[in-house]
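Residue numbers (the numbering used here), protein chains in the order written: chain A, 75 to 439; chain B, 75 to 439; chain L, 75 to 439; chain X, 75 to 439.
Because the hints were derived from the structure by calculation, they are not lab data. Heads up, a few of these hints could be off.
Identical copies carry no separate label here, and so any pair may be met within one copy or between two of them.
[As the list claims (entries may be wrong)] No more than 20 Å apart at the CA atoms, straight line, and that leaves these computed lysine to any residue pairs for SDA-like:
{"#": "1", "residue 1": "Lys270", "residue 2": "Glu244"}
{"#": "2", "residue 1": "Lys270", "residue 2": "Gly107"}
{"#": "3", "residue 1": "Lys270", "residue 2": "Phe214"}
{"#": "4", "residue 1": "Lys144", "residue 2": "Leu336"}
{"#": "5", "residue 1": "Lys270", "residue 2": "Glu243"}
{"#": "6", "residue 1": "Lys144", "residue 2": "Ser210"}
{"#": "7", "residue 1": "Lys270", "residue 2": "Arg411"}
{"#": "8", "residue 1": "Lys144", "residue 2": "Ala134"}
{"#": "9", "residue 1": "Lys270", "residue 2": "Ser181"}
{"#": "10", "residue 1": "Lys144", "residue 2": "Arg208"}
There are 4 protein chains.
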Amino acid sequence: MLVVMHPSATSAEISRVVEAVEEMGYEARPMPGAQRTAIGIVGNDGRIDSSRIAALAGVAQVIHVTQPYKQVSREWRAESTIVTIAPGVSFGGNDVPIIAGPCSVESETQILEAAHAVRDAGGTALRGGAFKPRSSPYSFQGLGKQGLELLALARRESGLPIVTEAMDEEGAHLVAEVADCIQIGARNMQNYSLLKCVGRIGKPVLLKRGMAATIADLLLSAEYVLSEGNDQVILCERGVRTFDPSARNMFDLTAIPTVHELSHLPIVGDPSHGTGVRDKVTPMARAALAAGADGIIVEMHPHPDSALSDGAQSLYPAQLRALIDELRAVATAIGRRVTPVAKGAHQSSDNALQTGTSGPAAGKH
Amino acid sequence: MLVVMHPSATSAEISRVVEAVEEMGYEARPMPGAQRTAIGIVGNDGRIDSSRIAALAGVAQVIHVTQPYKQVSREWRAESTIVTIAPGVSFGGNDVPIIAGPCSVESETQILEAAHAVRDAGGTALRGGAFKPRSSPYSFQGLGKQGLELLALARRESGLPIVTEAMDEEGAHLVAEVADCIQIGARNMQNYSLLKCVGRIGKPVLLKRGMAATIADLLLSAEYVLSEGNDQVILCERGVRTFDPSARNMFDLTAIPTVHELSHLPIVGDPSHGTGVRDKVTPMARAALAAGADGIIVEMHPHPDSALSDGAQSLYPAQLRALIDELRAVATAIGRRVTPVAKGAHQSSDNALQTGTSGPAAGKH
Amino acid sequence: MLVVMHPSATSAEISRVVEAVEEMGYEARPMPGAQRTAIGIVGNDGRIDSSRIAALAGVAQVIHVTQPYKQVSREWRAESTIVTIAPGVSFGGNDVPIIAGPCSVESETQILEAAHAVRDAGGTALRGGAFKPRSSPYSFQGLGKQGLELLALARRESGLPIVTEAMDEEGAHLVAEVADCIQIGARNMQNYSLLKCVGRIGKPVLLKRGMAATIADLLLSAEYVLSEGNDQVILCERGVRTFDPSARNMFDLTAIPTVHELSHLPIVGDPSHGTGVRDKVTPMARAALAAGADGIIVEMHPHPDSALSDGAQSLYPAQLRALIDELRAVATAIGRRVTPVAKGAHQSSDNALQTGTSGPAAGKH
Amino acid sequence: MLVVMHPSATSAEISRVVEAVEEMGYEARPMPGAQRTAIGIVGNDGRIDSSRIAALAGVAQVIHVTQPYKQVSREWRAESTIVTIAPGVSFGGNDVPIIAGPCSVESETQILEAAHAVRDAGGTALRGGAFKPRSSPYSFQGLGKQGLELLALARRESGLPIVTEAMDEEGAHLVAEVADCIQIGARNMQNYSLLKCVGRIGKPVLLKRGMAATIADLLLSAEYVLSEGNDQVILCERGVRTFDPSARNMFDLTAIPTVHELSHLPIVGDPSHGTGVRDKVTPMARAALAAGADGIIVEMHPHPDSALSDGAQSLYPAQLRALIDELRAVATAIGRRVTPVAKGAHQSSDNALQTGTSGPAAGKH
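Construct the entire structure; sequences and hints are all you get.
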């Protein structure tokens, strides 16, 4: 940390800052300059509350040199963390999984159709919300527990691992029983009670960037999960809010190489929320992959026209298949590989079919 | 709602939109234009999921004419809602209460000193956090339940009503036992589970605007509380995030007349978080009042130099007194009045003094 | 300037940075820390190109301690600069002038009516554009030279000094012949050729903040004018662009005390562009004054319904009169004074009336 | 255009709006709704000044349905425009040119070394500034005319076409004598006098997006050039300003498919300004290409450590070569091709060499 004094600061004010730093247990190194004095703080472990220093007389500015996060940083762990949500489905290595599915679980038919469409298109995991955070209390809020049961069914039917959102602590425990990866949505990125809770649960977490979160904020939120002993965190860039209404959000792909520089955690790109329009999903999924994303998560609905939410940004099944083909080509161009469909997935599905519990789309296979 | 078709939309596509609108139970009125057709939707009660329409072929854009919120709107209730958190302490009428106090409760001595300083300066209510949402898991997180007990003590001692934050459902029930008004912080503005919870509890709520929340988002979050049957909601402008690092946040005072136009709910201004620097608090508190704020909430610490959080933006007690004097003058200039210190407050405090439980600052009175 | 090295930087990399700093003629002071080394640069006069240092191997970050501007800073000149655009019309002292008038000059009748309305309402100066920067090439672009002639006429008629915009160097010379103060619009805030040009012309300049300009950017643009020898610069806060569509811009009133802290130059507030809606102009003009603005600039049109531009944010003449009355009360509350209408202004106007050149509104006087 | 009335608007107010629309020569179609009346305007050619309508009593909101730009739109011209700046160097077709070079021209040696490095790496055109818009008046402002002469020399030597910036009208005429494409920088995107000037000059224009420009703003600025009869405009995404300090700008790659949807003009990506850090340039150049960019423009300096500007974001020559190799692979994956080095370029260069005017790097060829 560097404390910059006002040009007019007195030597008594400078001494007071030095004292305060020392009272906090650190070493202070005054550095007089041509125009003003700066005071370096040595031994800072990132836990100093700078506000206390900033409040002292004569202080112009406090500059953080050390990052406020620890366990999420590359400096803490140089090697990239690989998060495995199911056998063969890992984020952070050379393979790039594709998570796809509807915004929300609407019915057994819908989610089973969706799951089969994802698997047929070459997707790696199934997404779909049972608990939906909606801006309006009058919008469809998800099927809740029943939605989780349908996801469990879709998992048995398709063999695909499940990624689904939890909105509060009670829901997190319910989600953890069914899901392979618990999603924390953008609106809850700074819901620290919830972050600590999923940290304690210990299942893999997909943490979405908040609408106005800096990369440092995102990493600090992940730190809440790691500080509870759970390092299985996948970050997710899903667009942030800016002045331009031409897209639902501004999809900040530079976040991907920035996270890779600062942290050992994997990061995936969500072009559906990142852009908000179906036409933009394909080019921006390609772009996310080219920028280095460790996975892609997209919305696909078997019948977008009748989706209860996010229809406008959901791909048709055929578009998902075409997208995954394009992603395979781009991945090859940059020396990576789209995660191949697991044998296990098919077998699991086949078993499900044999037991006769399959849904309406089962006949396709 | 208005559906704008692409210039190249076919009449089949237009018919399909009309059909979809009618299936949803509304009336569709196509309006062919020089370059493209628009389709008006009549009978919209604000609950249509536009995404479903936006997903149809040939649709260029869906424009919302009706606001998505209902009960919070001026159209729903023309008269301003007055929220009373304690006898003589009301928000939304002609009087303007001043809420002041430290960022967090640190000790018995600190909170009692703070409470007396607030009352002596002419403040109307005491703020102070027992549960603190902090960006870093390593920052001071508040005293929790013990902090609530200290707030209860400060209330008895000073007679000032208490405003304090809840971060999760469990905490909201604890806070409700002690506080006169439950604060929902900026980071939790879209924590819908928490909003529903405080809606059910029924105590007055101070709802802070999120860091990237539009006014419409803020009103929609308030709608969650009202939709549970609790209309005692005070909104709070506390600055939003922008590109300019010259202040901690950008304090959006236009939010105040905008909320007054769109909603019947009162809105207060928080210049401490709005600016992040002590020097800016006084001019910006005056500005908030001049813009029409129904209350001012500021951070004041008896000893900002040793504050455990937000020291740099906390006023000294003497500064709070000077600020309230200035606010009285500005209020008079615009035909309002800073809420006078309640007789009851003094009596309550005096009673407290007689019972001998007073804190270190008691001798001052 | 502080150069922060990567934790993994080698001592050879550290030495290379020290060398580079010394080659540039400054002193380098390495400061080894617990996690990484920082290198202070002493003797920096604000002209170092940090990019050159940032490009060296092992450098993590370059932090600016010294501000990049000089002559505009309070450190350069502690006393506030007072900019006088006409006798009795000064910005930066205790008095607060009110500049009012239409967005653009439309006709002789319109501008003379406007000028008389401004004077009658108690305004101090007349604004009105002859050259209009419009987002669309198909919008009304102003009357050009003819508009300037009409402004000269309005000046003779009303005695009010004129503030009008220049968009390019040729226009700046034309404007300088007529105007008392040359306005540089938000879109041209970083048109450095134009800034240098008005610096050389030497007339007072009203410099509007750009739509995404930080306070530091605004001050750097003013520095271009001062560096040509012209210190008669009035800054203007007029709102910046953010994510919230609820107002045309976000009116950043904290810019006012921030500029007062960093610079000796005066700053005025423009609530018309700051909000974009007539209803919000009055409360936000009051707020700007309460925040410490050294002047207020508002749009007023004699007939807003038929304005060729910005009708929605233009006050009616009666609203301007009411606004100035409110501003007088707020100014008194904070120990300032709205600039009184100059005797000279009336006389000048009366003389004009005697010569028989008065416009349609002349009969009012 | 759609005029939405307040729910409380009277029928007299509705009639007044209808009248005003008809006075302006358009047809008004009132559409009474459940809660409020909306009035459609038919025959709108995009030139209506909505502010005039918005100013009328009872009007709640004016919604634009027709885009304000014309000639730049896909609706005006369905086929993509191909802009050819030199033989074999076209933007907007299947081939993707790579423009590379230093931020500014610093010396004969530097620019010739740079030109040869660009050509050797497989680049298609040379960039380099002779006139530099710098935030501070004390930063290096470019070599001016001498810089243009050096660019002309580099062009003869290397055979590469030249892209260089003009900052004002006088400069635009000078640049036009030397350059194959005139760049308009982000800060001048709304300098309408300059846009009209380069519109009249008629040479290809590279128009960079402003720091807070929406896509609609960018297209409107291009419309200024087209409205003067010059349709040879290449748009450029170079990052916009947001709240996150983790990168110099936020590189908005969704702008690329959005421009392709709305306009027939080509768009290129500038990852150097888009990110501001050398490490991020390669992944983000790949991402821009994968998103559909019609060209890539990057900063490369023969010796970034001693660059007079933008050293931190300039690639080393070897990095440029590696980048272009990666871009070739990604282009192939998406069915496009990096523009191959023209035979003519080499010949031109060889001729130059034979005349003995070659610079220090000439021996390499």
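Hints and how they fare:
Proximity of Lys270 and Glu244 under a CA criterion of 20 Å is satisfied in both settings, with 13 Å inside one chain copy and 14 Å between copies. For a Cα distance limit of 20 Å, the shortest separation of Lys270 from Gly107 qualifies neither inside one copy, at 44 Å, nor across copies, at 32 Å. In the homo-oligomer, the alpha carbons of Lys270 and Phe214 lie at most 20 Å apart only across protomers (15 Å), although the nearest pairing inside one protomer, at 28 Å, exceeds that limit. Taking identical chains as interchangeable, the C-alpha atoms of Lys144 and Leu336 lie at most 20 Å apart only when both belong to the same chain, with a minimum of 10 Å there against 35 Å between chains.
In this assembly of identical chains, the alpha carbons of Lys270 and Glu243 lie at most 20 Å apart whether taken from the same copy (9 Å) or from different copies (14 Å). Within a single copy, Lys144 and Ser210 get their C-alpha atoms only as close as 37 Å, which misses the 20 Å cut-off; across copies the closest is 10 Å, which meets it. When the C-alpha separation of Lys270 and Arg411 is checked against a cutoff of 20 Å, the pair qualifies neither within a copy, at 34 Å, nor between copies, at 44 Å. Within a single copy, Lys144 and Ala134 get their C-alpha atoms only as close as 27 Å, which misses the 20 Å cut-off; across copies the closest is 17 Å, which meets it.
For a Cα distance limit of 20 Å, the shortest separation of Lys270 from Ser181 qualifies neither inside one copy, at 32 Å, nor across copies, at 25 Å. Within a single copy, Lys144 and Arg208 get their C-alpha atoms only as close as 33 Å, which misses the 20 Å cut-off; across copies the closest is 15 Å, which meets it.
Hints 2, 7 and 9 from the list above are not met by this structure, while the remaining hints are.
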